[in-house]
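Chains as they are written, first to last, in the working numbering: chain A, 565 to 988; chain B, 14 to 237.
These are computed hints drawn from the structure, not numbers from a lab. The structure presented is a predicted model; accordingly, all values stated were derived computationally and were not measured. Do not take every clue at face value.
Interface residues of chain A toward chain B, partial, derived using beta-carbon atoms under 10 Å [what the hints assert, rightly or not]:
(1) S572
(2) E594
(3) V598
(4) H731
(5) V733
(6) K753
(7) L956
(8) S957
(9) D972
(10) Y973
(11) W977
(12) E981
(13) G982
All C-beta atoms in this analysis are idealised placements derived from N, C-alpha and C, irrespective of residue type, glycine included.
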Amino acid sequence: MSIDNYRSHYTFGMDFGTSDFKFGPITCGENPRVVNNRGYFPDKRSAVYRAFETAADVIVGDEVPLYLQSSEDLTARLVYPMRNGMVGKTDDNAWRVVSALCEFGLNSYPTKQNNGFQGYNVVASLSSVSPRYMYERLLDVFKQANRSGMVRAVTVIPQPFAVAIGHGVTTCVVIESGHGNSQVCPISKYPISSAQVALNRGGGDANAITSEILKDAGYGDLANEESLVRKVKEQIGLVPQDLETAITEAKRTPRKFRAKYKAPGTRVEIDLEKDSWTRFLIGEYVFNPNHEIFESYFSRGMPRPRDVKMGDTVFRGMLDFGDAIVASVERCPVELQPLLYREIILSGGNFSWKVPETLEGIVVDAPTKIKSLLRQKGIKNVSVKMTASPQLSVWHGCIIYGFAVPDDYEWDWQRLEGWMKLSG
Amino acid sequence: MASLPIEQRILHYFLAMGAQQNPSSGTNDSSLSFTLGNDKLIVNILTAKDIVQRNRILEALLHLASFRGALTQLYVVAPRLLGASLDSQIFRSHGIGLILFDERRIEETIKPQPFFQHTQSQPTIATPDPTVLSELATLKSMYSQMERTLENIRAEFTSIKRDSEGKAPDLERGTPGFTFEPVMRPPSLLVETAEGPLPSFFANNPWLDVLSRRGRSEVAPLAG
Chain A
565 MSIDNYRSHY TFGMDFGTSD FKFGPITCGE NPRVVNNRGY FPDKRSAVYR
615 AFETAADVIV GDEVPLYLQS SEDLTARLVY PMRNGMVGKT DDNAWRVVSA
665 LCEFGLNSYP TKQNNGFQGY NVVASLSSVS PRYMYERLLD VFKQANRSGM
715 VRAVTVIPQP FAVAIGHGVT TCVVIESGHG NSQVCPISKY PISSAQVALN
765 RGGGDANAIT SEILKDAGYG DLANEESLVR KVKEQIGLVP QDLETAITEA
815 KRTPRKFRAK YKAPGTRVEI DLEKDSWTRF LIGEYVFNPN HEIFESYFSR
865 GMPRPRDVKM GDTVFRGMLD FGDAIVASVE RCPVELQPLL YREIILSGGN
915 FSWKVPETLE GIVVDAPTKI KSLLRQKGIK NVSVKMTASP QLSVWHGCII
965 YGFAVPDDYE WDWQRLEGWM KLSG
Chain B
14 MASLPIEQRI LHYFLAMGAQ QNPSSGTNDS SLSFTLGNDK LIVNILTAKD
64 IVQRNRILEA LLHLASFRGA LTQLYVVAPR LLGASLDSQI FRSHGIGLIL
114 FDERRIEETI KPQPFFQHTQ SQPTIATPDP TVLSELATLK SMYSQMERTL
164 ENIRAEFTSI KRDSEGKAPD LERGTPGFTF EPVMRPPSLL VETAEGPLPS
214 FFANNPWLDV LSRRGRSEVA PLAG
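Just chain A, same shape as in the assembly (with noise of 0.2 Å):
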């Protein structure tokens, strides 16, 4: 037996969404399991806690719905430890659900100690802005893990990165969009880590905008309830290929915009009714935040989206996603920057954007709007595309770069790359 035989056996991939914690082995194929990135810390006072012991400190997988009590406990008990895609240096509680959910990850795939298994080759994905401290962190928790021999050697790879490789382009610029921040980062062969930008604007911030929108329509009660209001995000939001012609298309003929969404299984029925042509603010927000329409909601209390440093990184709020790929490639060397361009990959839910047939023209899909962008900038040369399957992307990049690195090839806390053997 190869040691590729091997490989393709024990590579183990874990990619560490903003919502969701995707894991499993190669041997899964193309579907590794997912729940969600989050822990519940059962209280510890409760009696049937001290009558049975049997939960563990934090709980994590499946398993969660069963021991949520009120949701006044929610908020200080359930941990969603990635929500902006860092987790805080000192927040104890997020890292012990990271280390839970490693573990749960782990042995969810057990496998006979006896039969020439060494421990898996793990390779974990974290947001391409984490800072080093997060990867110190999370070898950590990998070393706890070695303790039952599960781990032979584990390294950290960038989800755009890993999404270049599930993609299988290797010169490309990765857009990666999730719930509570953006990151752009060309790749060529590597990570250009030094060109990468960080955008402080998610999925996120399009529900805040909904939120907005359904209290001018009279719907304030709902406003607040932040899974209805990404329902509705989800269901009436539309990209616009231009802002003022679509309004203007709207507001000229308002039944064909119309915007209406009941809520499954419930009484709740919302209607934009004249105020419809507001759809387009919501998928608008997303790509670019600087229109004067928005100054509006500014002023009335929407939180503008700040520049913000997390780590050694700037998040910046109001960059445009044409601006931010136009910066991040111009770090590039000049050569390298027709290339760079050619190739626009858009990955993450904050991408997922219908396009009504009736609405066509009118109304574009995520690639289409990137494209529209950067022909402002004078861009023309461009190709923009979805990930395959943008939820699994990085998983498969994962199980990729596992399968393929070189076992030799040795971590390198400069460069952030290589395998940290564990065992063996």
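Got chain A sorted already, so can you dock chain B onto it with the hints?
Positioned in the frame of chain A, the structure of chain B alone reads:
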């Protein structure tokens, strides 16, 4: 000579041809038996008295027929007077010879045919063709060689099997009895490679080559 009985005259006739009389072998008084070279001869004699008895000719022919299968040449000896009333074609078709006599001479009118030529076809033993014999020898040699090769392969297979069962696979540390635990995968989504079946997203992925060179023909990252 003509004063001798016909039996004596026939005896002398065959003895003069070089035949030797056989001792009586169950034949009746009107029969003589001879050996001539490799041939055996049975001669049944009909006299002038016999031909007036209606069944005597028939009896003589049936008597000769009883020797079929044992002897090769059969003769009927009859007076010349009877020859005019016999159809020679019948004697020829059955391979029976006919000797006619009168007071002065004995004449073989129809020669007998060897019995086996008329009654059954004996299997012929063909002389083996030397070319065929040579080819057979070659085939036999090849077959022997194949048997030896097969035996060697079997021995090598047994040896390899024994080694694989006894040896460690030695990945890096080497673990005895190395086997992979079977894990189910969706079969329709697999790509067959030298390393075994892999998920379909491995197909034609250029990163496999790029990443496999990490730490070898290294090209440093552009930045960062």
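Hint-by-hint comparison with the structure:
no. : hint : in the structure
1   : S572 : 4 Å, holds
2   : E594 : 5 Å, holds
3   : V598 : 16 Å, violated
4   : H731 : 9 Å, holds
5   : V733 : 8 Å, holds
6   : K753 : 5 Å, holds
7   : L956 : 9 Å, holds
8   : S957 : 8 Å, holds
9   : D972 : 6 Å, holds
10  : Y973 : 4 Å, holds
11  : W977 : 13 Å, violated
12  : E981 : 7 Å, holds
13  : G982 : 7 Å, holds
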